[in-house]
Amino acid sequence: MQKWWSIMFFLMIFPLIYLCINRVFHAIVMYITMNVAIMLVFIYAPTEKMQGIVQKIFYFHVSSAITMFFAFFLVCVASIMYLWKNSDWWDAIALSAAEIGVVFCTLVLITGPLWARPIWGTWWSWDPTLTLTLVLWLIYVAYLMLRIETYDPKRARFAAVLGIIGFVDVPLIRWSVEKWRTLHPKPVLIQEGGTTGLTSAMLLTFLVCLGAFLLLFFYLLRERISVAQSRHALEVLRHDIDEIGVG
Amino acid sequence: MYKNSNSFITLMSGSKIFLQQVRALLAKDLKTEWRTREIFTSMFVFAVLVVVVFNFAIGADTELIRQVASGVIWIALSFASVLGFQRTGQMESEEDSLQGILLALHDRSALFIAKMLAQMLYLLILVLCILPLCGIWFRIDFMTCIGELCATFTLGMLGLSIIGTFFGMIALRTRACEVMLPMLFLPVSIPLTIAAVQATTQLIDGKSLRDIADYLVLIGIFDIVFFFLVIIVFDYIVEE
Amino acid sequence: MVHLKGVIKHFGTITALRGIDLELKRGSCLGIFGPNGAGKTTLLRILATLVRPSAGTVSIAGYDVVKEGEKVRPLLGVLSHRTFLYGHLTGYENLQFYGRMFGLKKLAERITQVLQAVDLVTYAHQLVRTYSRGMQQRLAIARAILHYPKLLLLDEPYTGLDKHAVSRLHDLIVHLHAESCTVIMSTHDLHRGLDACDEIAIQCRGKIVYRGLSLGTNVQEFEQLYNAYVG
Amino acid sequence: MKNFWYLFAAYSTIWTALYVYMIRLSQKNKELQAELRDLRAQLERVLTK
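Just so you know, the protein sequences line up as chains A, B, C and D, in that order.
Heads up, the first sequence is in the working numbering, so the first residue is 690 and it goes up one at a time.
Heads up, the second sequence is in the working numbering, so the first residue is 26 and it goes up one at a time.
Heads up, the third sequence is in the working numbering, so the first residue is 20 and it goes up one at a time.
Heads up, the fourth sequence is in the working numbering, so the first residue is 4 and it goes up one at a time.
Calculated directly from the structure, the hints in this document are not laboratory data.
A portion of the hints provided could be inaccurate.
Below, simulated DSBU-like cross-link-like pairs (lysine-lysine); rule was C-alpha separation at most 35 Å, straight line [stated by the list, open to error]:
1) D:31 <-> B:56
2) B:41 <-> C:44
3) B:56 <-> A:843
4) C:90 <-> C:124
5) C:124 <-> B:41
6) C:90 <-> B:41
7) D:31 <-> A:843
8) D:31 <-> A:774
9) B:41 <-> C:182
10) C:86 <-> C:124
11) D:33 <-> A:774
12) C:182 <-> C:124
13) B:56 <-> C:124
14) B:56 <-> C:44
15) A:843 <-> D:33
16) C:24 <-> C:90
17) C:86 <-> B:232
18) B:56 <-> D:33
19) B:56 <-> C:226
20) C:44 <-> C:182
Build the full structure now, drawing on both the sequences and the hints.
Written out as structure tokens, the structure reads:
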């Protein structure tokens, strides 16, 4: 029963995202899912025997990590499309996804040590996954620093290339988790033999949290894209005004 | 030498116009920086980058990193301050506004003092942000000797901002500004870096203020000597 | 008011100025015309104490520019190719900064007065970065006249100004004229420069080749004169 | 319930960070739309003059 339940749930997410095209409906759906997620995490999910209550950080920590990976994946795809199609819409997506990705990456880098402190006893261990997430953060902050200047196509193209190269770092993280399974916990989600290390209740809570975070991500993405596009339109408008010599 | 002695006197007497101009310059710098926060973020990200790269370079064994920690922090700070001086210099030369300021300046060392104070503020905030991060990454507890650390870092940052602003102005006028500044700034700041790193390492190992007193005195002398040296020489480097 | 005697300026091997002698009494408005590279900008920068002459004496309002630079600078209002303004500050903040630097009393009043003179009051609180080229030039003019300068040095003031802004600039010069403020303007635009100033000079290859009054000479006449000298 | 504070710290950082980011984003969005409208209006006025 438990396998059928999670697959059905996962399938249900995608039409939901498609449904939320108009903003208000999207905001409402996101709000509901987020509340359901919180309720599940704190009430429904059993507290883990070994780690105690602090294990509950896992739900949001890992779901924001997955959203971060998804965001940087989107940056890579959007950059490729921008280089190929050269349309501003894709460039705006790349910029917005990168910015939201960095926000989630910061969240991961804050909640990670907070979860590690009580369990491993140290805030930070130079563990491959943590270090490479940190490197990812540095790369995409550099990406954003590159984009701070006003919009000009040459700079956007450089940023697009950096977006693609930056993404190469993400599979390295995946590889490092399997290869050097040192301090970092075994990949709790997908273990050998397909049985997840989580009880079914935990898995359900985790999936709801993940869904809530993805919805939140798309909502932020939509908002940020409209900001990027109106800023670009402003730039173009101001340029035309210069041409006509109104000033 | 006739012209410089009067800039010396105005500084000492702290005439009203002089302080007013320093305040106006400082207000302008901080307002521009607050609006875009470009200089501070680039300095902060660069310092984090240097610390992380050093960590990779030194490898994972914790004992070795603890000894090297203060050296890494000071190197990160001086490189970040080089970046900071370049950005402030660049901001002045964007629309040649340095000429506009020179025209309005009653006494040119006001420009130096204002720039130095602004840079000092950025560096101090940078230290406040970097220390906790380094505490986490190097697993060093800075809280035990926080008082002495503040003293060392304030004196060190004062020294860095004095020579940095001075060389920043020089590099601004030369053609290869990006290369000149680090080449001029880093060698001159060697005594400061040596004393500061020694002082910080001993502080981390739990020594008290008395043990590192001579280092602090060395940094103090370094600051004072360079401060007055620059005040005297400043008119010449800004002249066209 | 302004005395230049035998002013020479070498930039390495190039001699930008080959001995300039110039006399200008208080309250007059001199237009310096000449092709690009005649040394007009160097002359103005020397007058603005931004560049030290290689030889010769320059004195403004009785003070020697090289020795008593501090006393001369507050009297000057300088407009150069670059605007001296900060992109990340609003127009009002830029003027406020320069006002404080000059230690002006009743600063707010003066700023609004000056902004009205250049017709920028509506844009006062927008970032200068968002200004168009013409608006930045007008704000630079406002900055130059902010602190009641005695001598106004305008280097190519007409760049980027549209018809409307040019007429405003002329009213401004006439207004300053009334307040016995001397104006030196350098331009290569014969038509617009002529009717703004009452004395004209032609500078070519680092020397003043013609000096005269502009009363009564219309543009065509002056053009022939200009071509005669510049050739 | 011993290390409850870490849990509290983690969740509060997540919520404050997301909340602040969302608020700043919608504010910037409104501001830009307003500025866009003014500039377009100004452009129309000039073109039609």
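Tested hints:
Between residue 31 of chain D and residue 56 of chain B the alpha-carbon distance is near 20 Å, which keeps this suggested pair within the 35 Å criterion. Under the criterion of a C-alpha separation no larger than 35 Å, the hint pairing residue 41 of chain B with residue 44 of chain C is consistent with the structure, at around 34 Å. About 30 Å separates the Cα atoms of residue 56 of chain B and residue 843 of chain A, which keeps this hinted pair within 35 Å; it holds. Restraint check for residue 90 of chain C and residue 124 of chain C: the C-alpha separation of about 19 Å stays at or below 35 Å, so the hint holds.
The straight-line distance between the Cα atoms of residue 124 of chain C and residue 41 of chain B is roughly 14 Å, inside the 35 Å bound, and the hint therefore holds. At most 35 Å may separate the alpha-carbon atoms for a hinted pair to count; residue 90 of chain C and residue 41 of chain B meet this at roughly 17 Å. Restraint check for residue 31 of chain D and residue 843 of chain A: satisfied, since their Cα atoms lie roughly 25 Å apart, inside the 35 Å limit. At roughly 28 Å between alpha-carbon atoms, residue 31 of chain D and residue 774 of chain A fall within 35 Å of each other, so this suggested pair holds.
Proposed proximity of residue 41 of chain B and residue 182 of chain C is contradicted: the alpha carbons are some 44 Å apart, above 35 Å. For the hint linking residue 86 of chain C to residue 124 of chain C, the alpha-carbon distance of about 28 Å falls within 35 Å, and the restraint holds. Restraint check for residue 33 of chain D and residue 774 of chain A: satisfied, since their Cα atoms lie roughly 29 Å apart, inside the 35 Å limit. Using a Cα cut-off of 35 Å, the hinted pair residue 182 of chain C and residue 124 of chain C holds, with the two alpha carbons roughly 34 Å apart.
Between the alpha carbons of residue 56 of chain B and residue 124 of chain C the distance comes to roughly 22 Å, so the proposed pair stays at or under 35 Å and holds. About 42 Å separates the Cα atoms of residue 56 of chain B and residue 44 of chain C, which puts this hinted pair outside 35 Å; it is violated. For a cut-off of 35 Å, the pair hint linking residue 843 of chain A to residue 33 of chain D stands: about 28 Å separates their Cα positions. Among the hinted pairs, residue 24 of chain C with residue 90 of chain C is consistent with the structure: their alpha-carbon atoms are about 20 Å apart, no more than 35 Å.
Pair hint residue 86 of chain C plus residue 232 of chain B does not hold up; C-alpha atoms about 55 Å apart against a cutoff of 35 Å. Distance check on the hinted pair: residue 56 of chain B and residue 33 of chain D sit about 24 Å apart at the alpha-carbon level, within 35 Å; holds. At roughly 45 Å between alpha-carbon atoms, residue 56 of chain B and residue 226 of chain C are farther apart than 35 Å, so this suggested pair is violated. Distance check on the hinted pair: residue 44 of chain C and residue 182 of chain C sit about 30 Å apart at the alpha-carbon level, within 35 Å; holds.
The structure shown violates the earlier hints numbered 9, 14, 17 and 19.
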